[in-house]
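Undergrad: Starting from the two chains in their separate frames, assemble the complex, guided by the hints.
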Amino acid sequence: MKRHPAKSARKPATAQPKPRPDALVDPALLQDLIAVFQNAGVSDLEVERNGLRIRLRREGAAASSPALEVSVPVPAAGLTAAPTDAPTAEPSTEGLVTVRSPIVGTFYRSASPYSEVYVEEGTYVKKGQVLCIVEAMKLMNEIESDADGRVAKILVENAKPVEYGEPLFLIAPGAQPEG
Amino acid sequence: MTGLPTPLALDAIRPHLATRVIGTTLLLHDEVDSTNRVLADLAHQGAPDGTVVVAESQTAGRGRLGRTWLSPRGLNLYVSILLARTLPPETVTWTPMLAALAVFRAIRTLTILDVRLKWPNDVLAIRGGVGRKLAGILVDAVGTGPTSGRAVVVGIGINVNMPLDAFPKELRATATSLLIETGSPVDRGRLLATLLGELDRLYDHAGTHGPDDIEAAYRVACDTIGKPVRIELIGSEKIEGTAEGLASDGALRLLTKNGKVLEIRAGDVVHLR
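Same order as they appear, the protein sequences are chains A and B. According to the working numbering, the first sequence is numbered sequentially starting from -17. According to the working numbering, the second sequence is numbered sequentially starting from 364.
Here chain B stands alone, though its shape is the one from the complex (with noise of 0.2 Å):
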């Protein structure tokens, strides 16, 4: 009998905080419909800078084009991020990139797992050569006016503690959890601390350095870049080719079998072989 998992709390996450703007404000729900809605509503309301959701349990989290994110109660972390300051433009597209490799570092530092990033923000746990999904990451930029610029909600959901037989059957060959990858349970709390800590240093560094550096860590991080890919477009649409860089607003540069160089700003990346 391992008893029931430890909820979220926040006195358990605030003494490990180490943050300077992430964080300051910081709201723990028991279930809400989907921390990124939460967050933008409260955004709207003129929140501050670095404002924090977190939940026990979604009823409607959700992935890129209206798919869910799955989200049982006290097993995995979702959260929910509001970066308010106004960011350039050739960085604010950087902002999903910055939150995976939030997410990569914070892994790293509390786990020994192979961890890579596929362009341009799923976070892949690799086992026998092959990268399973271990994290996801949806960016809502909510307009708040010309003159007082963009909120970003950064909405990260991280697979923890979700035994394998808590994933659909169609998951359980592309999805996986910290508990799977590792073989014990993970503290949430001290994740959650460890990669709020990321961000805000990563924040903090894009807000007065632009995404230079971002760019750099995040090219170490990616698995993408110099692979043979497939992009799935909207539709049923497809092409192929080699992912052989980044543009400056961080789309991948894709080499077609016929020569041509195309920008990829949205799709679903498949790496091939």
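Just chain A, with the same shape it has in the complex (with noise of 0.2 Å):
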């Protein structure tokens, strides 16, 4: 395992909560994720579930094996921020989670020009729930919102071309309030 030499120089500043017992990272599913990141070629990789949020990100395009996070947030901390220290050129993502392209295509709000956007910015989602399309080659591909919670960006305009691994959303996690 290469390291690059910037993981180390930070690692205090992202040392890894001990988990709980309840919330113990399935090395099965750190395997697929680790596998899945690997072969995607993307650079930034976040996984939330049950509570237990996975970040697999290459550091540099050189690195040849993925850097790993794994952090526990207290539960009813709803805004919990993995940890991000590296500046960005992107929107803060600070608290949200990034639903991005996994492919090449072209974004659609709707089902067809016809038929009305799946999500506003606003728009309470629960995880599973369709926020777009992307086709490549009449292959139409439902992109799910990754975490329950609110849309807080919309970051592509209707049908123009998006990259892989682009980010679409950023969703608020939390439930819709009561009323």
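Quick caveat, the hints were computed from the structure, so don't treat them as lab data. The structure displayed is predicted, hence computed values, not measured ones. There could be a bad hint or two in this list.
Claimed, not checked - Here are the computed lysine-lysine pairs in the BS3-like style, where the Cα-Cα straight-line distance is at most 25 Å:
1) B:K623 to A:K142
2) B:K601 to B:K481
3) B:K601 to B:K623
4) B:K481 to A:K142
5) A:K135 to A:K108
6) B:K620 to B:K590
7) B:K620 to A:K142
8) A:K142 to B:K601
TA: In structure tokens, the structure reads:
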């Protein structure tokens, strides 16, 4: 395993909290994620499941193995941020879940030009709910939300091309307020 | 009196099915809204790889961008196939072309028609130098989470025994059926079994060897490459150029008049000349 120097330099800032016994990382899941990550050629992958957030990030284009961060947010602290200390050109995603395009294609906010958009900014969505379609070669990819929460930002205009791994939506995790 | 068309029957299809995966679970409905919609629901409930949904008619057969697919009862083939094995990202975008190739091969097995493909996945019958649409394919990728991958629902509509007067007037110049082209009815059960067999082989091959061989076979069957074309994008934007080749994910490389090369991943292709 090659280690990127920048990674160890900021190790203290990302000290891993002790996993809670009820939220232990399943090694098989981790293996799967790493495999997906390495095959997909993306630079950043974040998965949240049952309060456990796993983030894989490639440091620099030359890195051959993913850097791995595992954090277990305290339940009820809805806006616990994943450790992000690298400055980025993307909008502030502190505490937000980024939904990315799994393929290169064309972004559509509705199923057809004549139907209503799937979501607007401010819409509350459930994990697994369809947010948009990305089309490539008549393969219509329904892109689903990775989290329960509010659509904080739609990052792409309708019918525009999107790149592999391009951020499409920011979701602010949390349940819809009552009433 | 030629009698009523023979209804599809599982007992008549199964003996002809020589497949490993596709059609192991085969569901036949009299009427559904859309076979893709029904199968996507089944995929979310964990339907096995290769599950097939066939219907005698569709009340809301779909094409690209919410267009409708004409689906009268008993005449044609409306079938959706679930490909749940996780294909690598560079292979999954080839799925629509892989399906088109399966349709191409199935029709060539059962008829002597001059069949060609139009990028990405329209199946055309060529008569008098003119291509008319025989079949359409619409593929929906439904997310089942980053760890379990994405399932792909391949929807295929083939105009089989539909007579010319069953097409709306505005489609008669551009659409056709096997009956119109060959002059005699085609057994839909046999066509389905042949189609699923071809798809089974291609799916198996793509899963183990990646898209390279699919691409080579597709290039041979596809009429678009090398042709002057017009691409009609969403809205009213149009681009003209020469279809130069394919990118690694199957996108069409278009050489425009001012010498730029664009990669097209969505749009309607019109063959010029």
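Undergrad: Indicate, hint by hint, whether the structure satisfies it.
TA: Hints, one by one, checked against the model:
1. B:K623 to A:K142: holds, 19 Å
2. B:K601 to B:K481: holds, 17 Å
3. B:K601 to B:K623: holds, 15 Å
4. B:K481 to A:K142: holds, 24 Å
5. A:K135 to A:K108: holds, 16 Å
6. B:K620 to B:K590: holds, 13 Å
7. B:K620 to A:K142: holds, 22 Å
8. A:K142 to B:K601: With Cα atoms ~15 Å apart, A:K142 and B:K601 stay inside 25 Å; holds.
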